[in-house]
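K.L.:
Residue numbers (our numbering), protein chains in the order written: chain A, 3 to 323; chain B, 3 to 323.
Calculated directly from the structure, the hints in this document are not laboratory data. Mixed in with the good hints there might be a few duds.
Pairs count within a copy or across copies, as identical chains cannot be separated in the list.
To be verified - Under the rule of at most 25 Å between Cα atoms (straight-line distance), these lysine to any residue pairs were calculated in the SDA-like manner:
(1) K122 with Q157
(2) K164 with P178
(3) K269 with E167
(4) K287 with G119
(5) K122 with V273
(6) K287 with V319
(7) K164 with G195
(8) K187 with A245
(9) K187 with W170
(10) K161 with E138
(11) K187 with G272
(12) K161 with G272
(13) K265 with P178
All of these numbers come straight from a predicted model, not from anything done at the bench.
The chain contents come next:
There are 2 protein chains.
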Amino acid sequence: MIEANLRGVDTHGTTRQLCIYVRRLQEGVMNPRTEIVVVRENASTVFLDCRNSIGQVGAAHAMRRAIEKATHTGVAVVAVTHSNHYGAAAYWAMQALPHDMIGFSSTNAPATVAPTGGRKPMLGTNPFAVAIPAAEEDPVVLDLATTVVPFGRIQLHAKQNKGLEPGWAFDTDGNPTLDPHAALKGFLAPIGGYKGYGIALAIDLLCGVMTGSSYGAHFPGFLAENLEDPTDVGSIFAALSVASFIDVDRFKSGIDRAVREIKNSGKAPGVTRIYVPGEIEFETKRQRAVHGIPIPEAVLADFVRLGSDLGIPFPQVVVRK
Amino acid sequence: MIEANLRGVDTHGTTRQLCIYVRRLQEGVMNPRTEIVVVRENASTVFLDCRNSIGQVGAAHAMRRAIEKATHTGVAVVAVTHSNHYGAAAYWAMQALPHDMIGFSSTNAPATVAPTGGRKPMLGTNPFAVAIPAAEEDPVVLDLATTVVPFGRIQLHAKQNKGLEPGWAFDTDGNPTLDPHAALKGFLAPIGGYKGYGIALAIDLLCGVMTGSSYGAHFPGFLAENLEDPTDVGSIFAALSVASFIDVDRFKSGIDRAVREIKNSGKAPGVTRIYVPGEIEFETKRQRAVHGIPIPEAVLADFVRLGSDLGIPFPQVVVRK
C-alpha cells in the first residue's frame, strides 16, 4: 500500500485502504492468519487456496512461486482462489522485473460494468498489469482497469455537479448518460465498448470461474461496502523469462530504444511530452521518496484514531500545508 | 483463411487476402518453403525463427508446440520471429480448445496508431485473441484489435462521404477528427485512449522487440502495400491447461453458467439479445457451413484469373444473386 502511495496511486494506498483493511480484519470478514494451501501444482503452474487471507499476502506468495517456476521452465502461471482485494495490480507484475522477467497480474472484482447491450452490472472493472524490464529507461509498466474511467471519477463529478464526458457511463436503463448522478446509480462503460466488455469477461472467467472464486454478479460488496461476507476474489499471476527468447541485454537495450523512439516521436498540438505506461508513476515515486507522501488531514486523523484504537503510538505529526 | 470466411471475418479470409498472399509469394517477398528453426527451447517455452515463411504455417507450428508443452507443464508460451501476416488471431487461440486448454495469440503489425499525445503512427493495431472452452455453450472467443475501429471502416466512410463517430480517429496533426478523408491521412484511435495505447505498446514490445522482429515505426508496408520488403512480423502464442487448476468438467459447466447469466441478464432499451465474444462468429459459421460463403463478383473474377494464371482449373461457377 505504501508503494502505491509512493507511485501516486493513492486509490490503492494506505490513504484510502488501510482503515478499511483493518476494519475487515476486526469484523472477522478477512482472515489475519495466512494459511495458504497448494491445491494443484505442475512444473509451470500452481493453484493456491488463500483461505480468505489478506489479498497482498496471497499475491506475494503467488508471484514468488511464478518467478521461481519460470526460472526453471521459462514461464509460469499461478492462480489463487478465496482471496481478497490485492491492491495495485502493477505491484505484483513488477516483482518479476529484478529477475529479468516480464510480469503479469490480473484480478476480478465486484460487478460495476454491464455487458454490451445490457443494463445490469455483470462484470467488475477487472484490472490487469504487465511489467516489462528496460536497461537505462524505466521499465514499461501497464496497469489498467477495463473501464474508461474509475467509479471514483463519477463520484467526483457528482460531488461537483459536473457533467461527464461522452462514453464514460450509462444510467440504470443502459442508456449512455452525461449526468453524473444518473451514472452513480447506473454503471461504467468498458474501454472500446464490446472490446472492453470482452476483456473484462475473459479476466472474470479466468480469475473467477477457473479458480472457483466469486465471479459476475455473485460478488458480495467490496471493501467497505460489505463488512459481513468474504469477498472471495480470484487472481492470476504470471512470469515470463526474457532469456528464454533473447539475450537479456539485447532485450533491455531494445526496450530502451523503442521507448525513446515513442517519447521522441511527433507531438500533437499543445502536447509537450509523450509518456510511456508507468512513467508518471516512476517520476512520482522519485519525488515522493524525497518529499514524502501527501496525506489529507482527514486521513491523518483516521490514522491517528486507528493507531490509538489499536494501542500503536503514532509518530509525532507535523502538519505541512 | 477459409475458416475466417466461414466465421464471417471476411477481412482475414480468402476473399480479401488470397490474391495478396499469392502475389507476395510470386514476388519472392514471402518464402513458400517453410524452414522453421528452433532458436531457443525450454520446458515451457519455444522461440522459433520462421525465416519469412507464410505466417499461418509458423503460427500452426507454434501453437502446436505450445499445446504439446502445456500438456506436460500446465502452461507454455511460444514466440516466433521473422514471420508474416498470420490471419485471424482467434484461429490460433482456438487450436487450444479441443485440448481443454485456454488459448492465446497476439501479433504486431505495421504502425497505424500514434501514442497518446502523439501525431506519428508508432504502433500497429496489434490484435490479440483469447479462447476459453465451454461445455454446451459455444466457447468464449475474444479477438480484438486495440483500435476502436479498423482502418477499413474509415475507408468505407470516406467512400460514402459519411462522417465518423467521435473517438474513432485523428487527423495528421493529432487532432480528433470526424472527417473520414482527414482520418485516412491521419491515424486510428486506440480503445480507451491511453489504455489501448498501452496495450498496443506492450504487445509490440513482446511480439516485436522481444523476438527481434519489426516493431514500432520500422515496419515496411504490409500485405499489398509493399511488395518488395519482407514484413518481418513477430507473434506470441500460449496455451494454459485448465486441468492444472480445476477439473475440466467443473470448469466447462462453470463457463456455461457464467455465459448464460450474461446472456439472460437485463437488456438496455431496444436490445433484444446480449452476445458473448465469439458468439456471432459461431452462428455465422453454422449458417455458412450450410449455405456457403458469399463471394462478391469482383473477388470471384480475381479468383478465376488467379486460377487461370497458375494453371489451376477453377470449379464450375454458378452465380447466385
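K.L.:
Run through the hints listed earlier and report the numbers of any the structure violates, in increasing order.
P.N.:
8, 10 and 12
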